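Engineer: Residues per chain are reported as follows:
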Amino acid sequence: MTSLQKFLGATAALALSAGAALAEPALIFDLGGKFDKSFNEAAYNGATRWAEETGNTFRDIELQSEAQREQALRRFAEAGANPIVMTGFAFGDALGQVAGDYPETDFVIIDMVVDAPNVRSVVFNEHEGSYLVGMLAAKASASGTVGFIGGMDIPLIRKFACGYAQGVKAVNPDATVIANMTGTTPAAWNDPVKGSELTKAQISQGADVVYAAAGGTGVGVLQTAADEDILSIGVDSNQNHLHPGKVLTSMLKRVDNAVYQAMTDGPGMEKGFNVMGLANGGVGYALDENNAELVDDSMQAAVDAAAEQIASGELAVHDYTSDDSCPALSF
Amino acid sequence: MDVMPKWAEVALVPLISLILAAVLSALVILAIGEDPLEAVNLMVTGALGSTYGWGYTLYYATNFLFTGLAVSVAFHAGLFNIGGEGQAMLGGLGVALACLLIPWPHWSLALLGASLAGALFGAAWAAIPAFLQAKRGSHIVITTIMFNFIGAAVLNYVLVNLMRPAGQMDPATARFPDTTNLPTLHDILAPLGIAFSKSAPANVTFLIALLACVLVWFLLWRTWLGYEIRSYGKSEPAARYGGISPVAITMIAMLISGGLAGLMAINNVMGEAERLVLNAVEGAGFIGIAVALMGRSHPFGVLLAAILFGFLYQGGAELALWTSIPRELIVVIQALVILFTGALDNMVRMPLERLFLMLRRSRA
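Residue numbers (the working numbering), protein chains in the order written: chain A, 1 to 331; chain B, 332 to 695.
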């Protein structure tokens with residue numbers, strides 16, 4: 001291969017010049033990958049929606065290694081991509097290093113706050129959305145035991161779990177919440193088989209509603225819940241359609257809207273700190289024809305009332321990451 | 332008697348394997364509707380066409396050098412250490428602790444201390460499987476791979492619960508102080524009048540990796556200990572008959588192996604990220620196995636193989652940046668190289684051996 005490549009490398013012109021003059025936006029996916037049916041895919045959907053509506057194109061890359069974070073940021077910025085959108089808190093450190101070097105480029109980071117004049121930081125109140133689906137879980141549960149399956153044991157996922165447990169306890173203070181994490185390596189975000197096993201284990205402990213916040217692993221959780229005839233709750237994207245009548249609801253995290261908005265605003269967008277919560281439709285729960293029979297009017301009324309209270313500030317849901325502790329669940 | 336001349340063994344077999352892998356990769360790229368020549372061109376210019384590309388290629392190569400050497404040393408003792416991943420992970424923990432807890436006055440001292448800590452932690456993580464193998468006969472392949480998962484769990488716990496700065500979302504340590512930042516190749520080469528890319532992560536650790544290559548070579552082929560390791564690896568009964576203690580050799584070889592894997596952390600943790608993140612190692616421990624296989628467990632071969640894999644990583648990144656070739660396919664290309672150079676080695680070797688035999692017979 002080496003001799004062949006040397007020959008080709010010598011004869012062919014610099015191919016990189018092709019990418020030198022692009023002014024299109026760029027989207028960088030985290031290590032979970034573009035089509036995880038969840039977080040990254042939501043970002044991809046938002047960008048695709050923008051591309052279809054405007055007829056423009058965007059560049060994207062799925063990372064393979066940690067060292068590529070800064071590399072991808074710099075390469076896109078040097079190639080003139082603007083704005084550059086990235087999904088995931090893990091970009092925070094790299095962006096903090098890079099943003100100052102490219103003052104003309106706008107950056108948008110999701111799930112993390114980076115304080116720089118050319119960065120828009122978008123964070124979501126996942127605990128609020130999780131609180132609502134927790135209430136639904138407690139109302140739908142006959143056994144009084146509900147489950148939570150996270151990806152890795154990291155603060156972000158504890159934030160989901162903590163909001164969920166608070167919602168459950170708000171409806172039924174005696175309810176039991178079983179929380180499990182899938183694994184300790186990044187493979188935990190994409191391990192449907194393990195998700196399935198954990199679901200079975202939680203069912204054997206009495207759980208009859210299971211909430212998955214585990215990226216691609218959730219596909220296995222939802223599948224097993226449907227097979228074993230219990231209810232499940234999807235995450236990030238609306239996953240109700242995966243098993244109609246078996247998925248109680250999905251906790252929506254509108255990453256797609258954040259990406260769509262960023263690309264629509266384009267270069268010169270408003271920077272700063274954006275909190276996407278219940279108040280501005282950044283999070284919520286999914287209700288469509290696939291779960292209409294599972295969520296009755298009284299359940300919906302109770303959850304909507306809580307949502308209004310949270311949005312108005314009347315009801316505060318504790319955010320795990322604010323002080324690394326949770327009143328409703330111990331890790 | 333060797334059937335093939337040495338040059339064929341060392342150069343021709345890997346070269347033909349690589350060409351086969353390249354041809355298959357080209358077919359795969361063609362099948363998804365991209366231009367393979369364009370792809371190759373992108374990979375070569377992206378990885379080797381600029382000091383920026385070299386900076387990344389050498390950065391990855393440094394990681395693979397350490398893990399490749401780690402696998403090689405164990406392999407010479409007949410031990411298949413596939414725990415490089417976990418050992419490098421724990422090495423990262425050692426490096427992070429050394430950088431965060433001790434106020435180093437200068438990077439050279441910090442490098443020395445961090446190397447020591449990384450190697451110690453890596454060696455400690457290899458010590459338990461080694462002990463179980465030496466004393467209890469628990470198979471090293473099973474125990475080392477299990478220790479990878481235990482290592483990941485330990486790191487996860489430590490980062491989330493103990494070493495994460497309060498309120499930080501990212502499961503990572505704080506940034507290391509500036510005095511522990513290692514000079515990059517840019518800083519090293521600038522006084523020599525060579526302009527090396529500023530943003531590339533290759534750093535002084537590359538030189539340490541080269542030094543490690545020489546030391547491993549010296550250890551294996553120029554010392555008593557190396558002789559004992561190699562003879563134990565060739566035949567345990569013969570070594571025992573010659574008065575070599577299997578327990579001692581198993582332990583020593585695995586400690587050196589784990590130490591080398593742990594040393595990798597000075598490159599990725601201290602040199603690049605300057606903080607410890609959760610998946611700092613990202614598979615370099617496993618790539619090390621392929622690198623050692625391809626390099627025939629010889630330090631020089633390991634060096635070449637590590638650079639090849641560094642090229643594949645950086646070239647693959649460029650491919651992902653500028654084409655719509657999905658990242659899974661880039662993994663397929665890397666896997667093809669591993670498959671042909673490692674697993675399907677005999678497929679190339681045996682026909683070649685037959686060819687050389689025929690040549691020799693016709694000459695005789």
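Please note that the accuracy of each hint is not assured.
[Unchecked claim] SDA-like cross-link-like pairs, simulated, lysine to any residue; straight-line CA separation at most 25 Å: (1) K34/A x K565/B; (2) K37/A x I473/B; (3) K200/A x L242/A; (4) K34/A x L556/B; (5) K34/A x A357/B; (6) K529/B x N118/A; (7) K169/A x K34/A; (8) K194/A x N677/B; (9) K139/A x Q97/A; (10) K194/A x A357/B; (11) K194/A x A484/B; (12) K34/A x E659/B; (13) K529/B x Q97/A; (14) K565/B x G468/B; (15) K246/A x S312/A; (16) K194/A x A170/A; (17) K466/B x L556/B; (18) K34/A x K139/A.
Think of the hints as simulated: they come from the structure by calculation, not from any bench.
Model, not experiment: these values are computed from the prediction.
Engineer: Please go over all the hints and tell whether each is borne out by the structure.
Structural biologist: Hints, verified against the model:
1. As the CA atoms of K34/A and K565/B are separated by approximately 47 Å, the hinted pair breaks the 25 Å bound.
2. Distance check on the hinted pair: K37/A and I473/B sit about 34 Å apart at the alpha-carbon level, beyond 25 Å; violated.
3. Only pairs whose Cα atoms come within 25 Å are accepted, and K200/A paired with L242/A is accepted, the gap being roughly 19 Å.
4. Restraint check: the Cα-Cα separation between K34/A and L556/B comes to about 50 Å, which exceeds 25 Å; the hinted pair is violated.
5. Distance check on the hinted pair: K34/A and A357/B sit about 24 Å apart at the alpha-carbon level, within 25 Å; holds.
6. Between K529/B and N118/A, the direct Cα distance comes to roughly 22 Å. Compliance with the 25 Å bound is thereby established for this hinted pair.
7. Only pairs whose Cα atoms come within 25 Å are accepted, and K169/A paired with K34/A is rejected, the gap being roughly 35 Å.
8. At roughly 36 Å between alpha-carbon atoms, K194/A and N677/B are farther apart than 25 Å, so this suggested pair is violated.
9. Restraint check for K139/A and Q97/A: not satisfied, since their Cα atoms lie roughly 47 Å apart, outside the 25 Å limit.
10. A hinted pair counts as satisfied when its Cα atoms are at most 25 Å apart, and K194/A with A357/B does not qualify at roughly 35 Å.
11. Distance hint between K194/A and A484/B is fulfilled; the C-alpha atoms sit about 16 Å from each other, no more than 25 Å.
12. The hinted pair formed by K34/A and E659/B meets the criterion: a straight-line CA distance of about 11 Å does not exceed 25 Å.
13. For the given pair, K529/B sits about 13 Å from Q97/A by alpha-carbon distance, which is consistent with the 25 Å threshold.
14. Taken as a hint, the K565/B and G468/B pair is honoured in the structure, with Cα atoms around 18 Å apart against an allowance of 25 Å.
15. Of the pairs offered as hints, the one joining K246/A and S312/A is violated, with about 32 Å between alpha carbons and a cut-off of 25 Å exceeded.
16. With a C-alpha separation of about 30 Å, the suggested pair K194/A and A170/A falls outside the 25 Å cut-off, and the hint is violated.
17. Restraint check for K466/B and L556/B: satisfied, since their Cα atoms lie roughly 20 Å apart, inside the 25 Å limit.
18. Annotation: proposed proximity of K34/A to K139/A is violated, straight-line Cα distance about 34 Å (limit 25 Å).
Consistency note: the structure conflicts with the earlier hints numbered 1, 2, 4, 7, 8, 9, 10, 15, 16, 18.
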